[in-house]
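Participant: The lines below spell out each chain.
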Amino acid sequence: NAGVTQTPKFRILKIGQSMTLQCTQDMNHNYMYWYRQDPGMGLKLIYYSVGAGITDKGEVPNGYNVSRSTTEDFPLRLELAAPSQTSVYFCASSYRQREQETQYFGPGTRLLVL
Amino acid sequence: RKEVEQDPGPFNVPEGATVAFNCTYSNSASQSFFWYRQDCRKEPKLLMSVYSSGNEDGRFTAQLNRASQYISLLIRDSKLSDSATYLCVVKKLTGGGNKLTFGTGTQLKVEL
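Protein sequences, first through last, are from chains A and B. Here our numbering is used: the first sequence runs in plain steps of one and ends on residue 114. Here our numbering is used: the second sequence runs in plain steps of one and ends on residue 226.
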């Protein structure tokens, strides 16, 4: 199993450009998540999905959109990139809601908006 | 007040030392607790879950005090490879998946 994979690893965007961050998991996990991590800060939840066709907002959803058409894929869309979106983005997944169930993270995408 | 608070460090310790990290959480509805490890420029990885009775995994011991809303991680016989940032994580079960709240992390540097 590859686990959780993310592409691209690094990207530079100009203000106002758009892009999609890709996330795929091969563990047949129902739940998937997108986080951002700013320097010296904890991870903040952007969006999450409890299954194909179902998505919901997290703590910091503004400026982002997601879709979940399949169990495996959970892309994150930035429509109008802003410097405040410069961050490291992590995708994660988990199987179900058992108490000690935790999340498995992808390697991250570093985004710089200039 | 932050939901999960940690001393950011860095903690600089010699190899072989014992070091302890503390974490406090503000939401009494928090149900599960974890320590994650994050290496520089890498993704977080689960180090260990934290159980109410306390638990040990090799050189690592985790403790939970629900009354004080306090979690700790003890590392014995520190190795150079233990150098990383340790994230305290709490979870609330909700209808929308298991939402994790992350602390900002405590940086550990183990030196020769």
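Treat the hints with caution; some may be incorrect.
Pairwise CB distance ranges (calculated) [as the list claims (entries may be wrong)]:
(1) B:193 - A:9: 45 to 53 angstroms
(2) A:69 - B:168: 38 to 46 angstroms
(3) A:60 - B:183: 23 to 31 angstroms
(4) B:143 - A:56: 33 to 41 angstroms
(5) B:172 - A:2: 21 to 29 angstroms
(6) B:182 - A:7: 38 to 46 angstroms
(7) A:69 - B:128: 32 to 40 angstroms
(8) B:123 - A:56: 32 to 40 angstroms
(9) B:179 - A:40: 22 to 30 angstroms
(10) B:182 - A:5: 37 to 45 angstroms
(11) B:143 - A:5: 29 to 37 angstroms
(12) B:124 - A:1: 19 to 27 angstroms
(13) B:188 - A:80: 26 to 34 angstroms
Far from chain B by the CB rule (all over 10 angstroms, computed), these chain A residues [claimed, not checked]:
(14) 7
(15) 17
(16) 18
(17) 22
(18) 26
(19) 28
(20) 40
(21) 41
(22) 42
(23) 58
(24) 71
(25) 73
(26) 77
(27) 79
(28) 84
(29) 102
If you're looking for bench data, these hints aren't it; they were derived computationally from the structure. We put the beta carbon where it would ideally sit given N, CA and C, even for glycine.
Participant: Each of the hints needs a verdict: does it hold here or not?
Facilitator: For each hint, the structure was consulted:
1. For residue 193 (chain B) and residue 9 (chain A), the hinted distance range of 45 to 53 angstroms is not satisfied, since their beta carbons lie about 28 angstroms from each other.
2. About 44 angstroms separates the C-beta atoms of residue 69 (chain A) and residue 168 (chain B), a value consistent with the hinted range of 38 to 46 angstroms.
3. Between residue 60 (chain A) and residue 183 (chain B) the beta carbons are some 24 angstroms apart, a value that agrees with the proposed interval 23 to 31 angstroms.
4. Checked against the hint of 33 to 41 angstroms, the pair residue 143 (chain B) and residue 56 (chain A) fails, with Cβ atoms roughly 19 angstroms apart.
5. Distance hint check for residue 172 (chain B) and residue 2 (chain A): the Cβ-Cβ separation is about 27 angstroms, which falls inside the suggested range of 21 to 29 angstroms.
6. A hinted range of 38 to 46 angstroms for the beta carbons of residue 182 (chain B) and residue 7 (chain A) is consistent with their spacing of about 43 angstroms.
7. Between residue 69 (chain A) and residue 128 (chain B) the CB atoms are about 52 angstroms apart, so this pair departs from the stated range of 32 to 40 angstroms.
8. Under the hint 32 to 40 angstroms, the C-beta atoms of residue 123 (chain B) and residue 56 (chain A), about 34 angstroms apart, fit the expected range.
9. Distance hint for residue 179 (chain B) and residue 40 (chain A): a CB-CB separation of about 27 angstroms, consistent with the stated range 22 to 30 angstroms.
10. Restraint check, residue 182 (chain B) to residue 5 (chain A): a C-beta distance of roughly 40 angstroms satisfies the suggested window 37 to 45 angstroms.
11. Between residue 143 (chain B) and residue 5 (chain A) the beta carbon distance is about 33 angstroms. The supplied range of 29 to 37 angstroms therefore holds.
12. Take residue 124 (chain B) and residue 1 (chain A): their Cβ atoms lie about 34 angstroms apart, and the range 19 to 27 angstroms is violated.
13. Hint check: residue 188 (chain B) to residue 80 (chain A), Cβ distance near 47 angstroms, so the stated range 26 to 34 angstroms is violated.
14. Consistency note on residue 7 (chain A): stated as away from chain B, and its beta-carbon is indeed over 10 angstroms from all of that chain's, at 14 angstroms minimum.
15. Look at residue 17 (chain A): its CB is around 24 angstroms from the nearest CB on chain B, clear of 10 angstroms, so calling it non-interface holds up.
16. For residue 18 (chain A), the shortest C-beta to C-beta distance to chain B comes to about 25 angstroms, beyond the 10 angstroms cut-off, and the non-interface label holds.
17. Here residue 22 (chain A) stays apart from chain B, with its beta-carbon at least about 15 angstroms from theirs, past the 10 angstroms limit.
18. Every C-beta of chain B lies more than 10 angstroms from that of residue 26 (chain A), the closest at about 16 angstroms, which supports listing it as non-interface.
19. The Cβ of residue 28 (chain A) sits about 16 angstroms from the closest Cβ of chain B, beyond the 10 angstroms cut-off, so the non-interface label holds.
20. With 10 angstroms as the threshold on Cβ separation, the claim that residue 40 (chain A) sits away from chain B is violated: the shortest Cβ distance comes to roughly 6 angstroms.
21. The beta carbon of residue 41 (chain A) sits about 6 angstroms from the closest Cβ of chain B, which is not more than 10 angstroms, so the claim that it is off the interface is violated.
22. Chain B draws residue 42 (chain A) into its interface by the beta-carbon criterion, the shortest separation being 4 angstroms against a cut-off of 10 angstroms.
23. Distance check for residue 58 (chain A) against chain B: the nearest CB is about 8 angstroms away, which does not clear 10 angstroms, and the non-interface claim fails.
24. Non-interface call for residue 71 (chain A) relative to chain B: holds, since the shortest CB-CB distance, roughly 14 angstroms, exceeds 10 angstroms.
25. Listed as outside the interface, residue 73 (chain A) is consistent with that label: its C-beta sits roughly 17 angstroms from the nearest C-beta of chain B, beyond the 10 angstroms cut-off.
26. Distance check for residue 77 (chain A) against chain B: the nearest CB is about 20 angstroms away, which clears 10 angstroms, and the non-interface claim stands.
27. For residue 79 (chain A), the requirement that its beta carbon stay farther than 10 angstroms from each beta carbon of chain B is met, with the minimum near 23 angstroms.
28. Remark: the non-interface label on residue 84 (chain A) is consistent with the geometry, its nearest Cβ contact in chain B lying 18 angstroms away (cut-off 10 angstroms).
29. For residue 102 (chain A), the non-interface assignment is contradicted: its Cβ lies about 5 angstroms from the closest Cβ of chain B, within the 10 angstroms cut-off.
Comparing the model with each earlier hint shows violations of hints 1, 4, 7, 12, 13, 20, 21, 22, 23, 29; every other hint is respected.
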